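Participant: Okay, here's what each chain looks like letter by letter:
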Amino acid sequence: MFQILTLKGSVDFLKHALPISIMSGILVLASLVSLATVGINWGLDFTGGTVVEMEFSQPQDLNKLRVALDRPETSGSVVQNFGSSRDILVRLQVREGIKSDDQVKLVLAEATKLDAAVVQKRVEFVGPQVGEELAEQGGLAVVVALICILIYVSFRFEWRLAAGSVAALAHDVIVTLGVFSVLQLEFDLTVLAGVLTVVGYSLNDTIVVYDRIRENFLKMRKSTPREVVNASITQTMSRTIITTGTTLITVVALFLKGGTLIHGFATSLLLGIFVGTYSSIYIASYLAIRLGVCREHMMPVEVEKEGADQPSMMP
Amino acid sequence: MLNKYPMWKNLMVVLIIAVGFFYAIPNLFGEDYAVQVVATRGAEVTVSTQTQVSELLAGKGIAVKRSELEKGQLLVRVNNAEDQLQAREAISDTLGDKFTVALNLAPATPEWLESVGGSPMKLGLDLRGGVHFLMEVDMGEAIRKMEEAKIADFRTQLRDEKIRYAGVNRTVKGIEIKFRDADTLNQAEAFLKSRGNDMLFSEQTGGGNFVLLATMSETYLRQVKEEALNQNITTIRNRVNELGVAEPVVQRQGAERIIVELPGVQDTARAKEILGATASIEFHMVDEKADVAAAVAGRVPAGSELYQQREGGPVVLKKEVMLTGDHITGAQPSFDQYSRPQVSIQLDAKGGSIFSDVTKDNIHKRMATLFIEYKDSGERNADGSVKMKKIEEVISVAIIQSRLGRNFVISGLGHAESQNLALLLRAGALIAPVSIVEERTIGPSLGAENINNGLQAMIWGMAVVLLFMMVYYRAFGVIANLALSANLIMVVGVMSMIPGAVLTLPGIAGMVLTVGMAVDGNVLIYERIREELRAGRSVQQAIHEGYGNAFSTIADANITTFITALILFAVGTGAVKGFAVTLMIGILTSMFTAIVGTRAIVNALWGGKRVKKLSI
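Chains as they are written, first to last, in my numbering: chain A, 1 to 315; chain B, 1001 to 1616.
Bound-form chain B, shown alone:
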């Protein structure tokens, strides 16, 4: 019989729509005022912290709605903004420096909904206010560092192998290793190649020079960049945590850029100060043979460099980096037995073994801690990028007393300095400096205004479209309207379900547009049914043919729009991506509701019956 859906098909339609509706529900509950407690390094948020906080707040007479311990962070919900402020103050006073306490707005989704994965749509910064940064990693610097390390490697490798070289230098072309004759060059080339080294070697011999040029292979270059970016992301994430911002976003974008979003933050200056403190640390051996006075006069021995100490006075250090800050896993300010400030440092396993080797070979020699900082010089390059200023300073020179392992201290610092250094080390060092290439601050009132405008547009657009459809297609119009409303709710449901989907202002525009375009499916079907009726088909036949003939048209039309949305998603950033996401979801759900959803209703109402006239 025509126009009958089997039971399973009806059930499937109901089920899909029900799931869509269900996951849209969390958006109805609004938000709770909350205080978020996150541990910085070294500390941990545990059940005992939770109890401590609960007791503290009970003692202060602040009513707690709910307190949740999840993924190492504590979220305490309170009733109003006033309680929220008081609670934050009380908690941060009691818990101290090891925790950051931030104000937050947490979705007020009931627990039973949350337990099945229900959560409201995530709002983009343009809708809730905050700061957005796009940062660019200075890859040139990352590569320079890597080449310096390679130079040191080459020197030791060749020396160990007793191959005599005349010099190793960094040039624009790559690393140049000079030799006195062709034999040594060939010998060195074969040896260095056998060691792997991730480099490409080529001979640049000519004019009495015997030069071996080492350049980075494409894969190695990519790997270096990849590592630099990942390391910087980790570091920035740690620093953002120091800021005490609720739900920050730190994400990579492309090959060299990092997106940082701090909802609710208005003070960009402070945020920049912390994010941009691109300090790193390196340990170098002091060049004991060098004559400091001669170096100051400009005669610095090859392989060494002249630096200034923080306390004053020049010092000559070997260029070779013994250890970089990347291996530091922990750093705390502390005091030695004479109450002098120092910083206790912990290294990771690799760092520990490197450090152990270095110190074993250099007992009673001096080792220096070099502090490197990149600062915005306030000037811009011709291309508009920020010009960075490099500041290098030796912060401590200490005699290695014994072989050191994974734990050691840096002494000889002032009190404030040790505090500062520990903080910077703990937050990790940036492997290469970053500059801010894009910055957007949206005030919270503007965010709320944007939501409001979007909703207004949606309500007006939707109301007129619903009215028109009802008048023009009568009973079928009402069915289309049901489908349209279900479609909108399903878009919201799917948006809430997908973890990465973020609602932005253009996203709302996308939803509004979906309302206008979603009826197209139904219009195509209904116009077809009318045509079939005019052609003298029976009612059942007309419905059947109408849906059938319109199907491939709707599919083709929507697939092409989907292609453009997909391309928009691929090239777009931020808000435009948000638009593309809603458009794609809207296309899929509207196809489903317009074709299958309305068919189920039409079948249930008219299918398999003797109908003389259709209300269309």
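In isolation and in its complexed conformation, chain A is listed as follows:
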């Protein structure tokens, strides 16, 4: 058998944990600052407004359309390419007293002047109050997900580990949002789906490590918690690399081939997978140790583990 990674014995991952945690802390802080000052570039789903996507037969000069749309009804519109130089996307703001239908008609009329063969591919209008609700629900969803996970992990493992995993997840969410804020990438509903998926994915990694920690606490009776954690991370490292690799492969395929409508989703996943993998290793376990997790805390679960070892429970 050949191995991507052959780790003999146990690598002292936690040696770097403190400086890395400090760095993570700075990253979270920077993200929060950016979120507070620059904010998120909310997409149509959240802000409300109208989006018109058109396909021209020839590459177009965006400025011509920009100039043409600089009038009271459509001022402040964003005109940008979407995928190729022939695809143009116009984002219109909600204006009091002006119907979105009329705005769309105006855009199409101007586009037809530039190119008679223009095709309207997509028109979306979202009322601002709908968007606000979505933002609320989205935020709520992330919080509820974190709470449910906190409960589940406390129940299955131990509260110190649960706290560690949720801290790691919150870290992933904040940093992912932070990057979206710093780079001013558009944040729409699919990105929210991506962020929640990251929560699930990152937790996957954490659980795998925790499971091994629990097992090793029972096996390595003479070792310190630090040694146990190091051994556990080392043992699961090759799995982590392979799974992260295969997931990254498919997400990259989505990013490159999935089309522009999926870009935001793929971007948030790409980011989240990196951040999530590293946080499971350095933040989740490290925090549990700092909270004082030790062998005694794992004892009650031993009963359950014994039960799980019965052949009848096995597939």
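A portion of the hints provided could be inaccurate.
Derived DSBU-like pairs (lysine-lysine); straight-line CA-CA distance at most 30 Å [to be verified]:
#1 B:1612 / A:219
#2 A:219 / B:1390
#3 A:99 / B:1145
#4 A:105 / B:1004
#5 B:1173 / B:1193
#6 B:1193 / A:219
#7 A:99 / B:1390
Worth flagging that the hints you see were computed from the coordinates, not collected in a lab. This one's a predicted model, so the numbers in the text were calculated from it and none came from an experiment.
For chain A, the structure is supplied; the task is to place chain B on it using the hints.
Facilitator: Here is chain B on its own, set in the frame of chain A:
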């Protein structure tokens, strides 16, 4: 003996995978061009309609692949787009107005598959093109209507009981009933409470005023909203049917919103016109005592209101609504004996009895038909919602000649007007106006492009993952790849089986992601087996321990991801819900294939034998 599955377990694995595969098959057949015939109210699609259509098409030389009569609608499949257009024209010319004839794409699933419930995955609008509307019901208006009705109830109840009141009015706080002294107030309160009325009563006495305030109870308020929403859904569904769209979706979302999806429709303006024609009708008695001239000058008697007639001229009507359009079950334009246009109306049982009572007490008095329409005023409120304009018009005033029952006519209309009114009445009235809060139009080419992009991503992602697994884990990698492929097909199978599951673009992304994450189960198991082998265990022992120890890890890891998917499903709308559904299904099927499926193969290949070395 280690690593042997009992026969029943092997059979179970085979059976489950076979069922998954079987229900995935319908997706291979593509779609037929079809014409769909649906009856609008009053008509019915029957076997004779089917024969008529078949003969008609045979006469035109249009080959029919299959014609099905199901759930009151006829679906005729033809060979190509050209035949489809011709067939539609011919059918709609022959059948006339009572039927709507729409172009459709019907899944070309063979009949034997269909008969066991096999059907392909339903595609979301983002994949097949069309219009999506999210509409909001104006609940304030629904509540106002209900309060008006209550006011009328209170007046009659108190009058019948000979309790003298000074006035009944609607205020911001609720309905205020004024009295002259505390005694009557108490008497009225006890009486009204005894009648139920679904309202909460409280005394607001003070400063020489004796006021009883009636407010809606929480449960009643909820009930009113619920009824308004359901009534509007029914009405919109009827109107959508008038549009002649194949497979429209009309669904409630939350407490106040309705989703309407019209696949294949590009003309949003027409769709909106029909959906947004929020007209309703009310019957009021004419206030015979009122002086019209005085009313025009601004002195309208209490309990009455001044309206304009369509023909011109003011008229004073009692505020009390005798009957609303909700009770109308049918309406057809027709002509009286002098060939003057009129509209024949049928009421439901409750409407009939109300109407019978009203007309009995009011013979030789005048009754007016009030037409109320809400139109988009083109302006927006500060919160961005559409400002609606209310237009009220008296369309007919008729003298009640005799006691009327469930069938009667409204006369005094123009020809076109009677046609229009009948259509609107037939389609039902909206109990409260709706506004469009979200609208999405996806072109058909973009839909096809989205599918194509999704498939490309899936093929590339899958190919690389399969290759990697095979190289890295060799024989076991091939087994994992089999499991992965089976998993993907099972996701498709389950998606096709669940009636509510819809494939969307993010849904395809979810499938692609599933490919990447599904191998995790196998990776966990295989890494464990390698570890056990390194620790010096025998091959059989290593396989056994590998699967055993990885099990709880896989379960824990997947359950947590499932939780997040579930939350995503709960809060998400449309496309995001689609993603959550595929993710959830993917988690379940991948757990099954990775743990049980591969184990069955591994057991069959190596279980119970003397094996020196594993290809892992």
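Participant: Compare the structure with each hint and give your call.
Facilitator: Status of the hints after comparison with the structure:
For the hint pairing residue 1612 (chain B) with residue 219 (chain A), the CA-to-CA distance comes to about 28 Å; that is within 30 Å, so the pair holds. Pair hint residue 219 (chain A) plus residue 1390 (chain B) does not hold up; C-alpha atoms about 77 Å apart against a cutoff of 30 Å. Restraint check for residue 99 (chain A) and residue 1145 (chain B): the C-alpha separation of about 28 Å stays at or below 30 Å, so the hint holds. Simply put, residue 105 (chain A) and residue 1004 (chain B) have alpha-carbon atoms about 69 Å apart, too far for the 30 Å limit, and the pair is violated.
This hinted pair checks out: residue 1173 (chain B) and residue 1193 (chain B) have alpha carbons roughly 19 Å apart, not beyond 30 Å. Between residue 1193 (chain B) and residue 219 (chain A) the CA atoms are separated by roughly 73 Å; this puts the pair beyond 30 Å, and the hint is violated. Taking the CA atoms of residue 99 (chain A) and residue 1390 (chain B), the gap is about 18 Å. The hint holds against a cut of 30 Å.
Of the hints listed earlier, those the structure fails to meet are numbers 2, 4 and 6, in rising order.
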